[in-house]
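Asks: Sequence:
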Amino acid sequence: MSPRLIRAAFFAGAALIGWYAVNRDVPDAPRPGELLDESARAVLAWRRPDTLARGETLDVLLQRGGLTASETREILAVAPMLNPRRLPAGMAVEFHGDDAAGAAHRIAIKLAIDHRLHVERDSTGTWVAREERLPWTTDTVVVHGAVERTLYQAMAAAAPDAFPGNASIDLASNFADVFEHRVDMSRDLQPGDSVYALVERSVGPENTIKVGRVLAASLFVGGKPIDAVYFPDAEGRPKYYDANGRSLATQFLQNPVQFRRISSNFGSRRHPILNRIRMHNGTDYAASTGTPVRAIGDGRVIRATFNSGYGNVIDVEHANRIVTRYAHLSRFAKGIRAGTAVRMGEEIGYVGSTGLATGPHLHFEVLVNGKPNDPRRVLRTTDGTPLPTKYAAEFARRRDDLMLSMGRSTAGIASALVRAN
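When the letters of the sequence shown are read in order and numbered with my numbering, they come out as residues 834 to 1254.
Just so you know, these hints were derived from the structure itself, not from any lab. Any given hint could be a false lead.
As the list claims (entries may be wrong) - Cross-link-like lysine to any residue pairs, in silico, SDA-like; alpha carbons within 20 Å at most: (1) Lys-943 x Asp-994; (2) Lys-1057 x Arg-1213; (3) Lys-1057 x Leu-1237; (4) Lys-1043 x Glu-953; (5) Lys-943 x Gly-899; (6) Lys-943 x Glu-981; (7) Lys-1057 x Ala-979; (8) Lys-943 x Asp-972; (9) Lys-1204 x Gly-1142; (10) Lys-1043 x Ile-946; (11) Lys-1167 x Thr-1138; (12) Lys-943 x Ala-886; (13) Lys-943 x Ser-956; (14) Lys-1072 x Thr-1222; (15) Lys-1043 x Ala-990; (16) Lys-943 x Ala-910; (17) Lys-1167 x Asn-1145; (18) Lys-943 x Leu-891; (19) Lys-943 x Gly-923; (20) Lys-1057 x Glu-1013; (21) Lys-1043 x Thr-1083; (22) Lys-1072 x Pro-1219; (23) Lys-943 x Gly-1045; (24) Lys-1043 x Tyr-1063; (25) Lys-1204 x Asp-1148; (26) Lys-1057 x Arg-1241; (27) Lys-943 x His-977; (28) Lys-943 x Gly-1037; (29) Lys-1043 x Glu-981; (30) Lys-943 x His-929; (31) Lys-1057 x Lys-1167; (32) Lys-943 x Val-893.
All chains should be built: construct the whole structure from the sequences, respecting the hints.
Replies: Encoded structure:
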């Protein structure tokens, strides 16, 4: 094709495009007072997200979104749930408008993951508030994992889709709480051990996961199972029993710092400061400064003072001439002094590094008749009370249903349950 014909075709195409642009069907601009149809509104609608800054008040945020001071006061008046003292930094707020040049006509405030507040103008121009509760769904999930390093690792690998991210940490913590009278998860688990659990789960907005009750669980330590069945008492309080109907709760907890990493066990070791071999009369729990330390059983404080080696130390006397010692504390809990009665699980102090300590940790001892003993041996000498006989049949049915749902056989357990009562 000659250059002349190419130029002619180009100009003809340009002319056709220009004609289409002028003559195509374009909606007329609205005249003053004329309402826009829905399609036109959609084009002009806008959304602008914002968040409440640390130390900022809600009225400042609303005025930054284009509202006047009087509008802000009106909104706060119709939405009393917007307590200025309880609004967290980072709270999400969205402003919505219909006119690109106009002010917001609706505001959406995210009070919680499942709680929204919508404030908008009604047909009279008055601001009105409406709360929205987003739904959760509840189900049960079977978890089965193998221990390679820690319980956290086992739970994270067991059900990554059902309990992703931090939910697996909550799952491990809930599981450990069930067995806190029987097993110290920080030191008793070994590679090759395994865990089973039947767990309630709630799934909410934005795929938020909440870990609920552990309904049944089995922990294999050294090939031997320890089973747990959820069976609330007559008042509805949560209780756990083993497969034979004995309470998992005993006289003592197994861990004074609730599932933390241990840096040293009972036995001989090289003292980290004195640099010589000597008997280490307890167990060290490595934890950050300020971690709560709890009494492992009911008792009475017989010492809460500073000692040059132990630093801040608490001794608690229990029944059967057993004394538990908690050393290197950063400080004591409020009200803890000699003569104070304490309950199992009560906070009595906080992890620190006072005395002869290279870093923050809890040094924990168990003394019997004034002599140090291996905490593992002493704390394992207690056993849970059996379930009353009148509940045996109901418990057996519940146990069988839950254990089978979890994938565990209950063959051979029924006769043991009868003997236990």
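Asks: Now look at each hint and say whether the structure bears it out.
Replies: Okay, the hints, checked on the actual structure:
| no. | hint | result |
| --- | --- | --- |
| 1 | Lys-943 x Asp-994 | violated (26 Å) |
| 2 | Lys-1057 x Arg-1213 | holds (15 Å) |
| 3 | Lys-1057 x Leu-1237 | holds (18 Å) |
| 4 | Lys-1043 x Glu-953 | violated (32 Å) |
| 5 | Lys-943 x Gly-899 | holds (19 Å) |
| 6 | Lys-943 x Glu-981 | violated (41 Å) |
| 7 | Lys-1057 x Ala-979 | holds (14 Å) |
| 8 | Lys-943 x Asp-972 | violated (26 Å) |
| 9 | Lys-1204 x Gly-1142 | holds (18 Å) |
| 10 | Lys-1043 x Ile-946 | holds (11 Å) |
| 11 | Lys-1167 x Thr-1138 | holds (14 Å) |
| 12 | Lys-943 x Ala-886 | holds (14 Å) |
| 13 | Lys-943 x Ser-956 | violated (24 Å) |
| 14 | Lys-1072 x Thr-1222 | holds (16 Å) |
| 15 | Lys-1043 x Ala-990 | holds (18 Å) |
| 16 | Lys-943 x Ala-910 | holds (18 Å) |
| 17 | Lys-1167 x Asn-1145 | holds (14 Å) |
| 18 | Lys-943 x Leu-891 | holds (13 Å) |
| 19 | Lys-943 x Gly-923 | holds (10 Å) |
| 20 | Lys-1057 x Glu-1013 | holds (17 Å) |
| 21 | Lys-1043 x Thr-1083 | violated (29 Å) |
| 22 | Lys-1072 x Pro-1219 | holds (12 Å) |
| 23 | Lys-943 x Gly-1045 | violated (24 Å) |
| 24 | Lys-1043 x Tyr-1063 | holds (19 Å) |
| 25 | Lys-1204 x Asp-1148 | holds (13 Å) |
| 26 | Lys-1057 x Arg-1241 | holds (14 Å) |
| 27 | Lys-943 x His-977 | violated (36 Å) |
| 28 | Lys-943 x Gly-1037 | holds (14 Å) |
| 29 | Lys-1043 x Glu-981 | violated (25 Å) |
| 30 | Lys-943 x His-929 | holds (14 Å) |
| 31 | Lys-1057 x Lys-1167 | violated (41 Å) |
| 32 | Lys-943 x Val-893 | holds (17 Å) |
Violated hints for the displayed structure, listed by number in ascending order: 1, 4, 6, 8, 13, 21, 23, 27, 29 and 31.
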